[in-house]
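Novice: These protein sequence lines map, in sequence, to chains H and P.
Here my numbering is used: the first residue of the first sequence is 1, the next is one more, and so on.
Here my numbering is used: the first residue of the second sequence is 1001, the next is one more, and so on.
Relax, there's no trap hidden among the hints.
Below, in silico cross-link-like pairs of lysine-lysine (DSBU-like), each with a Cα-Cα straight-line distance of 30 Å or less: (1) K138(H) / K1524(P); (2) K355(H) / K1428(P); (3) K402(H) / K383(H); (4) K355(H) / K1202(P); (5) K177(H) / K1241(P).
Partner residues are not named here, just some residues of chain H that face chain P (Cβ under 10 Å, in silico): (6) D112; (7) Q169; (8) E170; (9) Y171; (10) P183.
Derived CB-CB ranges, DEER-like: (11) S1327(P) / D306(H): 49 to 59 Å; (12) D1386(P) / R334(H): 18 to 28 Å; (13) K125(H) / S1327(P): 35 to 45 Å.
Simulated from the structure, these hints should not be mistaken for lab results.
All of these numbers come straight from a predicted model, not from anything done at the bench.
For glycine and all other residues, C-beta sits at the position ideal for the given N, C-alpha and C.
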Amino acid sequence: MDFKFAHMADLHLGGWRDPELEAMNLEAFDDAIDNCIQQGVAFVVLSGDLFDTSMPSFDILDKTTKNLNRLKRAGIPVYALAGSHDFSPSGKSMLKVLENAELLEIVSKAEDKDGKILLRFTEDKKTGAKLTGIFGRKGSLDETYYRQLDRSIENEPGFKIFLFHSGIQEYRPDYLKDVQAMPLSLLPGGFAYYAGGHIHHRSESEYEGGKVIFPGPLFPCNFQELERFGSGGFYIVDVLDGIPKPSFVDLKRYDINTIKIDADGKSASQVETELLEALGSKAEGLEDSVVLVRVSGILSEGKPSDIAFHRIADEARERGARALRKNTAALSSREYQEIMIKADSIEELEHSVIKENLGQSGLEPDAEKTLVEKFMALLDAEKLEGETVATYESRINGEGYKILKT
Amino acid sequence: MRVVGQIVSGQYGEVLIRQKSDEELELGELLVVDSKQPTVSGSQSAALGPQETQDLGRKTIMQVVNLQYGSQIQSGSLQLMSGMQLEGYGADLGFMEEKLRNYVLAEVKEVVTVSNGRARTPKALPPFFSEIRQIEKNDLDFLTQPQDSLYVGDVRSGSKKLGIPVFLRGKDVFSHHILIPATTGRGKSNLVRVMLWDVLDKDYCGLLVMDPHNEYYEGMDGAGLRDHPRAADKMAYYSLKPPPGGRTLIVNIKDLKPWFFKGVLDLSAAQEDAFTYFHKVYKDEWIEKILTLPPEDYPKGIHESTGGVLVRKLNLLGISALDGIVSCSGLFSTTAGETTLDGIVSELEKGKTVIVDTSSFSGEIEILISSMISSKLLDRYKHYKDAGELRAKPIVSIVLEEAPRVLGKEVLKSGPNIFSTIAREGRKFKVGLLAITQLPSLIPREVLANINTKIILGLEMEPERSAIIESASQDLSKDGRNIASLDKGEALVTSNFTKFAIPVSIPLFDANYVQRFKEIGDSKPDLSGFS
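Construct all of the structure, not just a fragment, from the sequences and the given hints.
Specialist: Quick look at the structure:
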C-alpha cells in the first residue's frame, strides 16, 4: 500500500541552557508534530536522541508527552530508539517510561540466536511496514552489535525500515572527519529505508537499493550548527509502490544574524563598541532572529571577560532578537592567556583537553585516547531513579572492568 | 656432535671440505667448525699422532655454496671404468676402498663467527683440517627476538628446518624498506601473509597493503588475515563491495588533484600542463569545468583537442558529465567518500593494517589510488616531523605488488613519483616500502641500493639473481646456485640489520597456521539495552 511517514532525529530536547533557545527547540518540535498531523503521516520514526540526556527535566518531559499525546490522539504511532545521549545501559530510561505509557514504541528488540544478535521486527498495523534497529551508544560501542548481527533479517519480506544512530564513514562530511563512524557495510542489507541519526548533517544516499537518510538535527544544537545550518528539519517520506521518496521539511522560523569581529590589536572596550555598532547596522533584520557573535583574535588591552556581552545581548533583545549566542573560543588577550585550547563545542573542548594530557599512562597514545573516551562515556552515566548507590557503583565498576579487560 | 666433513683446502670465501661418505650435504646447508687448538705444540705434536685439542670457545658457521665430485682416480681411468661397466665389459668391476677414493667436495663460505655468544663477520680461516659438523639449535643462540620484531620464518639449513624463528628488527627493516623478489609460484604471497599476520599483533607499525588480487583479507583455503584475533581492532579492509565490517573504497573527487596523474595516466606534457592549469584557475571545481566547459570557454592556451583528451582521460576513471552534471562510477563519487583518504591515513598512524582491495580496478586506477593515499600519508608524516611529533608515531610501510610498475627504470625516466620519493627519503619520515617483484632487474640500482632488506625467494632467471646479488647487504656473490635452488617457501634474508644472510623456511599460511592463534572466547552477545 502507499503511505507516508515522518523521520526525525537528534531533537536533543533539554540540550540548550539558554531558555530562549530551548524554547525555540521545543517550538520546532511543535511545528514538526503539526506538520506530521497535517500531512496525515501513517507513523513517525525517531532515530535517537529525542532527549539530550537519559533523564530529562520535568518541563521537557511535560512538553514532550504533550506532543506525543497529540500524535497518539491523531492515530499516529511513534517508533523510536535511543541515541547516544538518551541511552541507558540498564534500559531504565525515560524512553522506556514513555513506551510504558504507550506514547511511543521502542523498536530495538533482539534475542540471542546461536551467539548472534537476531533483531526482531515491530510491524505497523496500518501499513504493514516492519521496523527494527540498533540504538546508539557513546564511544561507538554500538558497533559491536552490528558485528554480531544475525543477517537473516535481510531476507525478511515486506517494506522494512532500519533505524540506527551512528555515523557512516563513507558518508561523513569532511568537517566531521573526527566523529567516530562505522563502515556502511555493517548495516544489514535488504531494507527499503535506513533512518539514520547521530550525525548532525543532513544527507541522502543509498545502500543496496535502499535510501539512507540523515535528517540532521530538528533544531540546531549548538553555536556551530546555528552558524552552519541556521535551522533544522525532518523528512516526510512518501512510499509509493514500496519505493520511498523522501522530502525534507525545513523548520526555519527565524533568521540568523552573524556578527564577526576580529579583535587583534584592539582593546576590550573597542571590541564592545564595534559589536554595538554592528548590532545597530542590522537593526531592521533583528526581529525574531538569532544573533550569533563570533569574536576572535588577541586583545591588546583588557581580557575577554571585560567585554560586556550581557549588554550586547540586552541590546539585541531590545531590538527584537530572540536570542544571542557568542563564541569567544579563539579570543585571548596579551595579559591573560590562561587556556590555549580552541574549541567550538564541548565535545571539541573535551577532545583538546584529552589530547593535551595524553602520554602519562605509559600506553600507546591512541590506545590511551580510546580508553579515556570510553571511561568518560561510562562515567557520564547517571544514577537511575530507584537505583541505590551500591548498585550504581557496582554497575559502573563492572562496566569499567570490561573496558579495561578489552 | 655429528661430524659431516673436514676442511681439506681452499681460501677465504671458498673453503673446500670433504664430505663424510655416509653424509649428504645440501646446497645452502649450514655447518659449524669449532675452533680448537692442540694442547701440545710444535715438534712434539708430529710424534704424538692423534692429540688432545683445546676448545677456543669460538666457532665459525659456514654455508655450502657448491658441491662437486672428488676422486683419487684419474679422470681418464674413471671414464674407462665407466665405459666398461656401461658397455658390459666389466659387470663385476668395482672400486677398491671406494669410500676413500671417491667422495663429494663441498665448497663452503664463512658466514659468521660466534664467540662468547656474540656474532661477527668472520675475518680468519678456521683451523686447517678441522672437522665440520651439522649445525645445532644452540649454535644460533645469538639470534634473539628484538623488541618491535618482525617474524619472517624459521632458520633453514639446506632443506632442513631447524625450528628457530627468525625475527628482524621490525622498526628498522620497515623504515629502511624491504624487497621481496621471487619468480611466480615461489611463495611471495604466503610470505607476505605470514609477515602481515605477525604485524597485526604489534603496535609499532602500520601497513598499507595495496592488494590487486584480493588475496589477503579473506585469503584462501579457510585462512585469511580477517581470522586474526585482533583483526577487528587492528585491521581495516577497503573494497568496492566490502563484506560486513569492511569499508567501501570510495573517494570524493574533491580529493583528486592533477599531480596524482603524473606517472599514472599516459599523458603528454601538454596534457599534464592543461590539467594543472585547470586546477590553478578553477581550484576545487577544476574537474567539473574540464567536463562541462564548452571548448570556446577553455582557459587561454588550452586547445580544444587537448580539452577533449582530458575529458576522455577522466572518463577512463569513471568520471563524466551529462547535461552539466558531473557523475561518477567505480572508485570516485561526488557525494560520498569525503573522509576516506583521511580515514585510511588516520588508521595507518594508529598502527593498523589497512588492506585496499584493488582487484576490481585497472592498473592505472590502482596506481592512482595508491599514489593518493601514499602522498597523503607522506605529507602528514612530514607535518608531524616539522611539529616535533614524529617520534610518537608508528612506522608505516606500503606493500606494493609488481613494484616495477611504479619503481621501474622506464617509469622513472619521465620523472620521480611518490613511491620513488619514499624509496629515496621516506625513512626520514618513518614511511617505508615493502616492494614485491618478479623482475628486480627492472628497478634502478640506486633504488635497489636504498632497500636495505631483501627476502629472496626462488629466482630462476640469472639477470634477476644478479640484480639482487649486486645490491645485497651481505656478500652473496657465491650464492647464485643457492638462490636458484630455493624451493617454494624457502628464502634467503639479507639485511643491513642481520649479521649474515639467513636462510629461512616460511611456514605455510593455511587454516592450521591460523588455528594456532585463534582465541577461544565467550561468544555470547551482550543484549543489555535491547528490549
